[in-house]
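Undergrad: The task is simple: from the sequences and hints, build the whole structure.
In terms of the working numbering, the sequence shown has 432 at position 246, counting the first letter as 1, and numbering is strictly consecutive.
Everything hinted at is true.
For each label pair, taking beta carbons as the anchor points, the in silico distance ranges come out as: (1) K538 to T297: 48 to 54 Å; (2) E525 to R292: 43 to 49 Å; (3) T199 to K295: 23 to 29 Å; (4) H377 to K532: 31 to 37 Å; (5) E222 to L281: 20 to 26 Å; (6) E286 to N324: 53 to 59 Å; (7) R293 to K538: 53 to 59 Å.
Derived from the structure by calculation, the hints contain no laboratory data.
As the structure is a computational prediction, the values presented were derived from the model and not from experiment.
Note that CB positions come from ideal geometry on N, CA and C, so glycine has one too.
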Amino acid sequence: MSGEEASYAAFVTHPSLGGTPAAGAVCFTQWVMRFEGETFSLECSLDNLRIQQDAENQRVFFRHPEYPDWVVCVPDLAVLDERCFSQRTSLRLQLTAVAEKQDSVRRVKWTLSFLAAFAVVSVTVLWMAGKTVRYLVNRVPLEYELKLGDQLVAEVRTEQKLVTNATLQADLEKLVGRLVAALPKSERKYHVYLVEDPTPNAFAIPGGHIFVHTGLMRAAQTPEEVAGVLAHEIAHVTRRHGFHTIVSAIGPLYVFKTFFSGNEGLVAVIAAGSTILVAQNYSREYEREADDTGWDLLVAANIDPRGLATFLNRLLDEEKKLGFGKGVRALSSHPPSEERIARLEKRWNKLKKKTFAKLDPLQYQPPKHKPLTSSPAN
187 MSGEEASYAA
197 FVTHPSLGGT
207 PAAGAVCFTQ
217 WVMRFEGETF
227 SLECSLDNLR
237 IQQDAENQRV
247 FFRHPEYPDW
257 VVCVPDLAVL
267 DERCFSQRTS
277 LRLQLTAVAE
287 KQDSVRRVKW
297 TLSFLAAFAV
307 VSVTVLWMAG
317 KTVRYLVNRV
327 PLEYELKLGD
337 QLVAEVRTEQ
347 KLVTNATLQA
357 DLEKLVGRLV
367 AALPKSERKY
377 HVYLVEDPTP
387 NAFAIPGGHI
397 FVHTGLMRAA
407 QTPEEVAGVL
417 AHEIAHVTRR
427 HGFHTIVSAI
437 GPLYVFKTFF
447 SGNEGLVAVI
457 AAGSTILVAQ
467 NYSREYEREA
477 DDTGWDLLVA
487 ANIDPRGLAT
497 FLNRLLDEEK
507 KLGFGKGVRA
517 LSSHPPSEER
527 IARLEKRWNK
537 LKKKTFAKLD
547 PLQYQPPKHK
557 PLTSSPAN
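TA: Written as structure tokens, this is what we have:
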């Protein structure tokens, strides 16, 4: 090589070399590229030279159609600054295309990195917000919950027709009492009410107030099924799902802002959203949690926990007979009945204890209504 020509460390690959790269040096003149190794040399015209760049590993590859399967690799991107490349239109266009491709790759990488970082930050914020919501809900004074519950009961009485029946009331209170006895001691007292409504439904509001539709009592065939629904509703109360829903609805920014405020700010948030606490639809997460917590409560009370699953199964069969499709249930905030039943059956299969106390049959059957379905255990 001429001393006036800049040379670059390089290596050549070719099938004839047995897969072992041959080291050497490469230089460029105005007309040719020349590689010189210890045992051979290779020279080709710059015409039709093909250039590829691996910017990530700082390598440039040269190929020529006159020498198929020969590849000259230069592990130094500075080789692209050779004047001969800018003087030839075909090579200059190749370098421009290579540069644009590398810029595009870099932009994609930066975009993906940004999106990944944004996703991580978003997940972290939501996770922290979820933890903060639970902390705030646990900070709501029980005295306030009890007072709010009494106010909401007064509202329900003006909007719903409550049924007075001493026998049925005694049956429901007996079941609730058995479940509550299995709970940790608390100042919260549980009350159960019967609502004149044909839908097989029930709902609970803060303070320990549970409302059961006459339609549910008509649809239930065993006291274990009623107990399963009651345990689910008690779980909504003990987990304070109503308060969770209100605090979560204000958004992460206000959740964190409320975190640093006193209880007055927190109570103000609860009060502002208290209208949704009556017969509200809970999120799928809270419904699943109520199913699981209710299950544990039934087991602790020595009541067969399969009652809710059998009740859901019967309502699911009725829905199918009446033509309610999966699309309708998918729009509900509740997990589809099939999913809830499957989860509860899985818990039964894992449960070691299989024998439970036999509950006394319910002594009262309310008047029959026309068939009407609704999502149970809100």
